[in-house]
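Engineer: Residue numbers (the numbering used here), protein chains in the order written: chain L, 32 to 214; chain E, 3 to 207.
Calculated from the structure, these hints are not laboratory results.
Check before you lean on any hint, since a few could be wrong.
As the list claims (entries may be wrong) - Now the in silico label distances, taken between C-beta atoms and shown as ranges:
(1) Ala-200(E) - Gly-146(L): 35 to 43 Å
(2) Pro-214(L) - Gly-157(E): 35 to 43 Å
(3) His-134(L) - Leu-162(E): 45 to 53 Å
(4) Phe-112(E) - Pro-111(L): 43 to 51 Å
To be verified - Partial list, computed: chain L residues near chain E (C-beta under 10 Å):
(5) Arg-45
(6) Ala-82
(7) Leu-85
(8) Pro-96
(9) Ala-98
(10) Asn-101
(11) Leu-106
(12) Ala-161
Said to hold, decoys possible - Partial selection, computed: residues in chain E whose CB lies under 8 Å from chain L:
(13) Arg-10
(14) Asp-75
(15) Asp-79
(16) Phe-82
(17) Leu-83
(18) Arg-155
Note that the structure is a prediction, hence the values are computed from the model and not measured.
The beta-carbon is built from N, C-alpha and C at its ideal position, and this holds for glycine as well.
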Amino acid sequence: MSALLRFEDVSLRRGGRLLFEGLSFEVAAGERLQVSGPNGSGKSSLIRLAAGLLHAERGRVDRGPVALANDSIALDRELPLGQALQFWNRAPEQAMDALGLTHLALVPVRLLSSGQLKRATLARVAASAAPLWLLDEPLNALDADGAKRLGRLVERHLEGGGAVLAASHQRLGGEWPALELKP
Amino acid sequence: MIGALIVRDARRGLTGAAWLPIAFFLLVAVLMPFAVGPDARLLGRIGPGTLWIAALTAALLPIERLIEPDRADGLLDQLFLHGVADETVALSKVAAHWLTFGPLLLVAAFPASALLSVDGRALGQVLLSLAIGTPGLAALAVAVAALTAGLPRAGSIAGLLLVPLAIPLVIFGAANALPLEAAVSLFLVAGAPFVGGAAIRAART
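The task is simple: from the sequences and hints, build the whole structure.
Structural biologist: Now the structure itself:
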């Protein structure tokens, strides 16, 4: 199986502080990996590095197309949710349905709760065609139903030959191999 | 994606406070007769220059809303992940910014010229020079907005950065030296996407 994401001996320094060094791992199609560690250990930075939004100080990061869900909403707050998601994907209906957002399609983004916004960012990822999903604290603000829906989406994505890299200090549903970052 | 981005930014600019820069433009035109007195000949002579200064302030006004909200909201990151080059983003922003203030400014130049007793022939020249110069102003505004995105008190810093760089536009625009005006404007429109794109990239941390 081919790797969708490969870190080779990667070191990352941010603000003069070495977050991690010599980090090597692979995420292949059909695989999932959870990055865990205490606050400030570099989980989000690792996700941004994997997305190509940061550059490693040393080492190599190889990746294909990725989709990212983090705390940034990146949706027009004045637009109804359905239209706002359509900016990124022509047909977000299926992903909205999978996350239980269909009844909110006409509600302006600025009126949504933080849990609903989290579902919306996950729906953007689910609607994208990228094989690798990068999820930064996907359970933040999600209720039990949302977490269950996310679990189902992840399972389906993996069955379809995708891969998921998630950063969370919480337990994610399902069996996740862990990559522990030291503080 | 580029078209969608231009449409989105233009819509946001127009549904936001599109009238604000234009109101500002007219306000400067209203203020001028109070400041220099109601001598129609004097006003007519300084009128075109005044309109140019008013246009400069109108372009400067929305500068904090051009890049920073999208950076803070993660939109620029998502565009990068969708494979849109940072230069393309900056270019789309230039087009959208011009669409939200350029045409409106040309319309507002009619009442403003009446306030400053600029005659018909001079008004025609001002309209032409504004039409040529405002894309340059929009490009400059986007480049400066990208350079200052994320800084504290970005608005004031942006003003300090933009005004000196806009001097050639104002000189050639107010003097009605249209070929030179067009050259400066073209230079700014061609260069701004690269400056803005590099600044967006550098701000990505």
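Engineer: Each hint needs a verdict: does it hold in this structure or not?
Structural biologist: Okay, the hints, checked on the actual structure:
no.: 1; hint: Ala-200(E) - Gly-146(L): 35 to 43 Å; verdict: holds (38 Å)
no.: 2; hint: Pro-214(L) - Gly-157(E): 35 to 43 Å; verdict: holds (38 Å)
no.: 3; hint: His-134(L) - Leu-162(E): 45 to 53 Å; verdict: holds (49 Å)
no.: 4; hint: Phe-112(E) - Pro-111(L): 43 to 51 Å; verdict: violated (37 Å)
no.: 5; hint: Arg-45; verdict: holds (8 Å)
no.: 6; hint: Ala-82; verdict: holds (6 Å)
no.: 7; hint: Leu-85; verdict: holds (7 Å)
no.: 8; hint: Pro-96; verdict: holds (8 Å)
no.: 9; hint: Ala-98; verdict: holds (7 Å)
no.: 10; hint: Asn-101; verdict: holds (7 Å)
no.: 11; hint: Leu-106; verdict: holds (8 Å)
no.: 12; hint: Ala-161; verdict: holds (8 Å)
no.: 13; hint: Arg-10; verdict: holds (6 Å)
no.: 14; hint: Asp-75; verdict: holds (6 Å)
no.: 15; hint: Asp-79; verdict: holds (6 Å)
no.: 16; hint: Phe-82; verdict: holds (7 Å)
no.: 17; hint: Leu-83; verdict: holds (6 Å)
no.: 18; hint: Arg-155; verdict: violated (22 Å)
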